[in-house]
Amino acid sequence: MFRDAKIPLFGLVLWSAGCQQGTATLSVLLEAEDTITGGLDAGANVENIRDGWQVRYQKFITSIGNIEIELTGGSHAHAEKIYAVDLTQVPASGLPLWNLDSLQAGRWDFNFVTASTKQAERHTSVAQADFDAMRSADATYLISATLTKTDGRSCPPTALATPGGKPQIGTAPAGQPCYANASIRFNLLVPEETKYGPCEIDGIAGVAVTDGGAQSVTATIHGDHLFFNGFPEGDEGGVTRLAQWIADADLNLDGTVTQEELSRIAPSQLAELDARYQLGGSPITPLATMWDYIRAQLKTQGHMNGEGECPADGQAHSH
Amino acid sequence: MRAQLLLLCLLFAACIDSSQRPIELPLRLSGTAPAGLISAGDWTVTLTEARLAFGPLYLCAGVQAGTLCETARAEWLGTAVVDALSETPIEAGRLHGVSGPVRSYMYDLSIVSLLAQQSPVVLEAAAALGGSSLILRGTATRGADVVRFGIDLPVRQEAGTEIGVSVVRKSGSEPFSHELTGDEAGLLIRFDASVWVSQIDFAALPPGPPVTLTEGSQGYRAIRGALVSGTRPRFDWQ
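Protein chains in written order, with the working numbering: chain U, 1 to 319; chain F, 320 to 557.
Source of the hints: derived by calculation from the structure; they are not laboratory data. Treat the numbers as computed from the prediction; the structure is a model and nothing was measured. Glycine residues also receive a C-beta, built at the ideal position from the N, C-alpha and C atoms. A couple of the hints might just be wrong.
[Stated by the list, open to error] The following label-pair restraints were derived from C-beta to C-beta distances:
| no. | chain 1 | residue 1 | chain 2 | residue 2 | range |
| --- | --- | --- | --- | --- | --- |
| 1 | F | Ala463 | U | Arg185 | 38 to 48 Å |
| 2 | F | Ile409 | U | Gly255 | 48 to 58 Å |
| 3 | U | Gln21 | F | Ile409 | 53 to 63 Å |
| 4 | U | Gly306 | F | Pro528 | 54 to 64 Å |
| 5 | U | Gln58 | F | Ala435 | 43 to 53 Å |
[Stated by the list, open to error] Some but not every residue of chain F turned toward chain U, in silico, with C-beta under 10 Å:
| no. | residue |
| --- | --- |
| 6 | Gly381 |
| 7 | Glu389 |
| 8 | Ile482 |
| 9 | Arg488 |
| 10 | Glu493 |
| 11 | Ile519 |
| 12 | Ala523 |
| 13 | Gln537 |
| 14 | Gly538 |
| 15 | Ile542 |
| 16 | Asp555 |
Isolated chain U (complex conformation):
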């Protein structure tokens, strides 16, 4: 019966291995953790900033996209568009930005990137001036935030501080002078492209789609990692959220922490980075400056479906 078959058998095998189209659709949404849209409050609970600072984001713009999914057995699908989006304006239900259709039924690995804004399209949530600034700086992020604390103070490293005429109001436990500083701002343009994935949640990889079905998956960006006392994987419940180190990075006590200041400070110069911090899981080594620290924490913020884990900067996806 097969002797007269016109179709080469090996071609038939190849076709069935990976080139089939299906009828499923996957919608990919962008989700902002509520630490971005609502900020972080001071307090004693696990999710609070434990050293008394309150954090509110004015802008949290991320260039994100280049969705790649891969079916076990080899099929791939892509949604390559990258968008610069202000996550402070993303609705709680998520922002649908990408669609992948004609998918075979099965479980697909899920990957995405945070990219240079030079590759991005401006979303309506982003002002043109901010978009232009990000492109000029080749930035992945533009993050503007304000930290407030009623009795807040800055205790910058003595060797780096330029307090000018500001009166000293006290001394930190490590001995450096402290100055009143109840409101700290930062507005940072951060280049830190990162590939996330393949993502998993509770040990289960990616997302499952069914024939003829329409599923959704979210790429979630967290907003509290800058305040973590380390680089946890998995359960973030084991971390402590602290912000005093940012106040101590205001070297000239003008109420604004800049990239220039962060780049001058070695982690060992901040007395706040004591035994409460465990930095051995940093995705960037060596951690030579606090600017490296900012970049490293931003590398850990990509997740799937809320809390799903996504390895950062894994093996390159190849066809």
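Add chain F to chain U, keeping to what the hints say.
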């Protein structure tokens, strides 16, 4: 008939098991240079002692170790004290595992955090160092200024950090990839003590009798930071 046989062969080919095989190979540890002149800013440092308690070590298949590495590809569950000022390797023990790619690692410095234990457990090598992961002694000079210093440093997870996770994990910025076959002559890990002292602010230390760098001091944070988030040791497959 020939076509049916071809299809049968193709089907079997697709099902051939690329099986792993058990591997076991020597693990060696060493320093990178004998005591010499180390530059730390405008200070010159000479170390007279640099003993590190190392282990256990886990090599992982995925690119990210930690909780994403629930089962190691290969592991060494022992500990050993390595003289970081000696280039002569010591035989620390044997790595056990299965063949396949390893793309990340994680290790402790002989004080391990276990989920079932309230406090980290001091293993044999750290116990030999009096409960410390690192003992360092040296002298820093800048012109006529001379500072003698020392530290006995335990490196461990604390109550508010990641319980049950190794203190050091490969970072994304480090190249690390190897196809473990079991035919290797061994794995040699080299530690460079100069990176541990290069960020110490010696100008802040008094001259005279040896200064012990204690918790809360900049020097203590600098060494601890260098051990866990500084330049990592070198892994040489032999």
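Results for each hint:
no.	hint	result
1	F:Ala463 - U:Arg185: 38 to 48 Å	45 Å, holds
2	F:Ile409 - U:Gly255: 48 to 58 Å	54 Å, holds
3	U:Gln21 - F:Ile409: 53 to 63 Å	59 Å, holds
4	U:Gly306 - F:Pro528: 54 to 64 Å	56 Å, holds
5	U:Gln58 - F:Ala435: 43 to 53 Å	45 Å, holds
6	Gly381	7 Å, holds
7	Glu389	8 Å, holds
8	Ile482	6 Å, holds
9	Arg488	5 Å, holds
10	Glu493	6 Å, holds
11	Ile519	8 Å, holds
12	Ala523	8 Å, holds
13	Gln537	5 Å, holds
14	Gly538	8 Å, holds
15	Ile542	8 Å, holds
16	Asp555	18 Å, violated
Hint check: a violation occurs at hint 16 only; the rest are consistent with the structure.
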